[in-house]
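K.L.:
Now for the letters of each chain:
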Amino acid sequence: MEVSTQSTIQADVKTQVKNKKSTLLSRLRENRVTYLSLWFLVLIHIVVFLGPFLWTVNPEDLQQAGALAGWSLQHPFGTDDLGRDVFARMLTGGRVTLVVGLGAMLCSLLIGTVIGACAGFMGKVVEAVLMRLTEAMMAIPTFFFVLVALTVIGTSPLMVVLVIAFSSWMEIARVVYGETLKWKQYEFVEAANASGATPFRILTRYIIPQIIPSIIVAGTLTIAGAILTESAISYLGLGIQPPTATWGNMLQNSQQYIWTAPILGVLPGIAITVVVLAYNFLGDGLRDALDPKFVKK
Amino acid sequence: MNPNQPSKEPLLKIENLKKHFTVKSGGYFNKKKKVIKAVDDVSFTIYKGETLGLVGESGCGKSTLGRNILRLQEPSGGKVYFNDRNILTYKNRELRKLRKQMQIIYQDPFSSLNPRFTIGQVIGEMYDIHGFAKGAEKENRVKEMLELVGLDPSRNTSFPHEFSGGQRQRVGIARALALNPEFIVADEPVSALDVSVQSQVLNLLMKLKKDLGLTMLFIAHGLNVVRHISDRVGVMYLGKIVELSETDNIFDSPAHPYTAALLSTVPEVDPRLKKERIILKGEVPSPASPPSGCTFRTRCPLAKERCKAEVPGLTEVRTNHFVSCHYPLEDGQTLKEVIVSRGSVNS
Numbered sequence: 002m003e004v005s006t007q008s009t010i011q012a013d014v015k016t017q018v019k020n021k022k023s024t025l026l027s028r029l030r031e032n033r034v035t036y037l038s039l040w041f042l043v044l045i046h047i048v049v050f051l052g053p054f055l056w057t058v059n060p061e062d063l064q065q066a067g068a069l070a071g072w073s074l075q076h077p078f079g080t081d082d083l084g085r086d087v088f089a090r091m092l093t094g095g096r097v098t099l100v101v102g103l104g105a106m107l108c109s110l111l112i113g114t115v116i117g118a119c120a121g122f123m124g125k126v127v128e129a130v131l132m133r134l135t136e137a138m139m140a141i142p143t144f145f146f147v148l149v150a151l152t153v154i155g156t157s158p159l160m161v162v163l164v165i166a167f168s169s170w171m172e173i174a175r176v177v178y179g180e181t182l183k184w185k186q187y188e189f190v191e192a193a194n195a196s197g198a199t200p201f202r203i204l205t206r207y208i209i210p211q212i213i214p215s216i217i218v219a220g221t222l223t224i225a226g227a228i229l230t231e232s233a234i235s236y237l238g239l240g241i242q243p244p245t246a247t248w249g250n251m252l253q254n255s256q257q258y259i260w261t262a263p264i265l266g267v268l269p270g271i272a273i274t275v276v277v278l279a280y281n282f283l284g285d286g287l288r289d290a291l292d293p294k295f296v297k298k
Numbered sequence: 110m111n112p113n114q115p116s117k118e119p120l121l122k123i124e125n126l127k128k129h130f131t132v133k134s135g136g137y138f139n140k141k142k143k144v145i146k147a148v149d150d151v152s153f154t155i156y157k158g159e160t161l162g163l164v165g166e167s168g169c170g171k172s173t174l175g176r177n178i179l180r181l182q183e184p185s186g187g188k189v190y191f192n193d194r195n196i197l198t199y200k201n202r203e204l205r206k207l208r209k210q211m212q213i214i215y216q217d218p219f220s221s222l223n224p225r226f227t228i229g230q231v232i233g234e235m236y237d238i239h240g241f242a243k244g245a246e247k248e249n250r251v252k253e254m255l256e257l258v259g260l261d262p263s264r265n266t267s268f269p270h271e272f273s274g275g276q277r278q279r280v281g282i283a284r285a286l287a288l289n290p291e292f293i294v295a296d297e298p299v300s301a302l303d304v305s306v307q308s309q310v311l312n313l314l315m316k317l318k319k320d321l322g323l324t325m326l327f328i329a330h331g332l333n334v335v336r337h338i339s340d341r342v343g344v345m346y347l348g349k350i351v352e353l354s355e356t357d358n359i360f361d362s363p364a365h366p367y368t369a370a371l372l373s374t375v376p377e378v379d380p381r382l383k384k385e386r387i388i389l390k391g392e393v394p395s396p397a398s399p400p401s402g403c404t405f406r407t408r409c410p411l412a413k414e415r416c417k418a419e420v421p422g423l424t425e426v427r428t429n430h431f432v433s434c435h436y437p438l439e440d441g442q443t444l445k446e447v448i449v450s451r452g453s454v455n456s
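Order-wise, the sequence lines are chains A and B.
Read in order, the letters of the first sequence correspond to residues 2 to 298 in this note's numbering.
Read in order, the letters of the second sequence correspond to residues 110 to 456 in this note's numbering.
With the rest of the complex left out, here is chain B (with noise of 0.2 Å):
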């Protein structure tokens, strides 16, 4: 097998993941509670070196689901199966010692390093937790680190507030890293950076996953950061998630509608590939208080009545790729070839 085909061993499995927020509103004596479902029944499969990207409109919930999955904040409900077993069930002292195999890369490069640290403390403090090495040996380990991600491995003792943002977000992947993990979230990486570093980074953690083997949840809101790094594609919609499938299958042919508008608004290069946008009305429905049936019927240019009263599960419609959707796209279907033959149903 070539080693950097994802094996299909799963690693970790997401059975039913919810993670509800309850907000309360009203005056003292007319108390309501509303439940905001930020993650609502997610079920899927990380298989062992592959990277899953997960897409998403701000606020649908993704970066809940990554924090959710690593236990960072306790989930409503459901099942974490890491290694077949479920560390839902783990105790703080179990939790503590997983950690070092599931790590954690932030969007943010600024807060995200303690400022009162050296960037060589920050690395160090990951051996010192878990009492892998100490004095010079940690000491060689972190400037190795620093090696690996592309960093002066002599800055060990410079403060984070004297490195670049793209610097700063390589330390992250550095900590990150330190233990070796098998498994690692990233969220948002690279939207806090500029364009130009953006790709360096995108880069180093494609060399990174390739070289050490990673597995990977890959988070961004951009489609094309996540076509760069993905093996598989999942899209959330309003704490679902809605499509699921190989990164080619996603951008080539995809099923649900909420993809396909997605889709249809990303910038081509060439200028004389003319393609029809579409635009989709109105915003993301309020989370507190989401529309019955299919979450996204208020906003899906092919929405019946069914869609109405019925939630579609997410169901398998081609090999390998699941969406929840009653009407879903054809293979090599266009949304607006659809929306023509269909007829305008919610005009």
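Pulled out of the complex, with its shape left as it was, chain A reads as follows (with noise of 0.2 Å):
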């Protein structure tokens, strides 16, 4: 009885000690949604950047079966007006999309949190330069911005992020803006500062940290508005440009077709779509995973 008992208790300790150290992943698991998205943007993400290498039809040539072709083995979503396969495409498109916008996510990331982070630190000076510089870029309208800026500087992929990057910090720097004002407000960051710490340190030690779930929301927001900026200007045509596929320029071509041949407008629109969702609900349970007050249902 009393070994049983013994056994029991230490189970218990056990179980506590894992829920205090519960990691991210357990945490997200809460979720269902979440977990599911998550799951589904690994497996995309494996599925397009390994898949061409598996799927080794060239995504830019021409094929036998001809244009507008059904699907069939050899192409298992037919071909394109060119007679291109259109799976090779999806995937090969699906990579510099995805890649646009995690780059373009993490170049607005970083600019928005410096430029929002020191305006709200340093206060004076620094915080009416930066904060009336972010007001002017919201001023101008962003797509007719990236518009111009594509013309003027080309559309290379890298172009394409940096612009895009360059036209969606601005709301990062007011979210970063509003929180670091009000984390710096606290005690434990005057505490800091009468513990002789550096700005630096209480910047990056006590007031960065308590905005990361707000920056992770803002960054799975941005990720999914870049995915959706680069597909209108490939759709204008403006963005890369074939014959590199993009999901968006595959949706401009296709839409001659929309009758003939649907999926061609349909793939490419689901994938962006779906996608774009899935960063969305990821967001939303990262922001609840980490919180350190999370308390397991």
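What the hints contain is simulated information worked out from the structure, not anything from laboratory work.
These numbers come from a predicted model, not from an experiment.
Glycine included, every Cβ here is placed at the ideal spot set by N, Cα and C.
Check each hint, because a few of them may be wrong.
One-sided and incomplete, this derived list gives chain A residues near chain B with beta-carbon spacing under 8 Å [as the list claims (entries may be wrong)]:
(1) Gly84
(2) Phe88
(3) Gly124
(4) Glu128
(5) Ala129
(6) Glu188
(7) Ser196
(8) Gly197
(9) Thr199
(10) Thr205
(11) Tyr258
(12) Trp260
(13) Thr261
(14) Pro263
From chain B, some residues computed to sit far from chain A (all C-beta separations above 12 Å) [as the list claims (entries may be wrong)]:
(15) Lys157
(16) Arg180
(17) Lys209
Build the complex: two chains, separate frames, hints provided.
P.N.:
Below, the structure written as structure tokens:
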């Protein structure tokens, strides 16, 4: 009897310890939609990044099956208007689209966080200059800015990433700015100052970690927005240029064939929608999971 | 000399310390600037090893005073000598080094700990910042500190939200003591706690003070808390120290009418002991437009014409008993007696 009680207690202690050090992943598992989105995104990224090594059909080669061929074993999704394999184009196009989205998100997070945190933390002149700059940037219509910038500096994927990043960091800067203002009033920040911590240390160890959930949420929204922007400019023919495939320019090509070969438009359309949606769900779940007061239901 | 008795060697000398806030009001074309004197020309000395209690109503500037002494806010004027050096002239780098000698304990145990640090990290951060200890040595020191303040050292990996208010306050105390500071500002360290926990934390502070020979500025708004822990007590009203003396002097024979009135409202344990309560009229005047002369005169039962015209200075009316009042109470007089004998002047 005594032995069994002992072991139950030990088991209890073990689960307690486990709960205490619960990983982010186990916290994410609590929310089914988030968990599903996470695995879906992992899957999509694996498929898109490894797929072209396995499905070795060249996405830019014209196939023998001819233009607008239906599905077959050689071409699971058929061929497009020029006779190129749609499956191969979906894979490589997804690669470009996701890389552009991720890259733009990282760049705009970096710009937005640095500007917002500096403005909020330093105050005075720095704050005035940086926040007026942010507002001035917000006053420029995003789409117009992107189109003009791409026309001037060219449409290589790197430029697309940078231009999208430069047009989308303002929201992040404002979120980070507001959060920095909020957190810098807390007594533990003053306590860090009273302990002799340098301003850089206070900013990076005491304030920014508090903002990370907001940054992550803003980041996932940005990734979704960047994918949409890239698709939109590609649709207008000003984004990444053919023959390089992206989900956006595949959508553009497909519009004339929407009645004859709907799969050409539906496929990239669904891919964009689902990926954007999954990123939003993931961001939402991450915000909850990153909260240190997270309690298992 | 008894080591538990405070010496007469000054550790901290504060001279004419001022903290003024400018408040802008009015529209864009009609800007008005008002100066709020949160701390107005305050001078006093804290001796090595003593606990100086500082009491006053909320808004009288006692917390602001504490923060200005530590330069967590920049004072508008005056001098603060710490070990005979004016720390207001220190540059940032020098100031950061000084930080390990002077620490602060906060009122709110919930917002004063980084919610993303374990309590081990909270305390260990002190060693990291000043490069005192690393790795296993740091962990040992952290555990020692936790033990010192009466917490289970094995809980150093727990987060602040897993502790109760009293326990968090102990963590706050451990953090403040981690680097062996000479001087500590305790900014209402128990007013956010349950009464039962208050006494535990107070006893801990008193024990630590005795064991470590700390010098403390203990800020509180409750007189009973201050009486328990302080060697000397200062009473603040509207940014000024109105009375300063040894604890027993203040409580047994207060000289300032404000102190006397405050003391008359402290409940007695013995129900047979009847005392005359003196309730002050009105509210604390706005610090943006304080009354002329003595700032307390609008509520003082003893105020006369002279109080309107002249600002009273802090003068020594008895040995080691400083008061800023034109008509202080005599030793042993109660406020009620004086009101009766002087006649109702300000009825």
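K.L.:
Against this structure, judge whether each hint is valid.
P.N.:
Taking the hints in turn, this is what the structure says about them:
1. Gly84: violated (56 Å)
2. Phe88: violated (46 Å)
3. Gly124: Given a least distance of 13 Å, the restraint on A:Gly124 is violated.
4. Glu128: violated (17 Å)
5. Ala129: Hint on A:Ala129: violated, closest Cβ of chain B at ~16 Å, above 8 Å.
6. Glu188: holds (4 Å)
7. Ser196: holds (6 Å)
8. Gly197: holds (3 Å)
9. Thr199: At 7 Å from the nearest chain B Cβ, A:Thr199 passes the 8 Å test, so the hint holds.
10. Thr205: violated (12 Å)
11. Tyr258: Where the cut-off is 8 Å and the nearest Cβ of chain B is about 53 Å from A:Tyr258, the hint is violated.
12. Trp260: Since chain B brings no Cβ nearer than about 56 Å to A:Trp260, farther than 8 Å, the hint is violated.
13. Thr261: violated (57 Å)
14. Pro263: The hint is violated - A:Pro263 has no Cβ within 8 Å of chain B, the shortest such distance being about 50 Å.
15. Lys157: holds (21 Å)
16. Arg180: violated (9 Å)
17. Lys209: At about 6 Å from chain A, B:Lys209 fails to clear the 12 Å cut-off, so the statement is violated.
Taken one by one, the earlier hints fail for this structure at numbers 1, 2, 3, 4, 5, 10, 11, 12, 13, 14, 16, 17, listed in ascending order.
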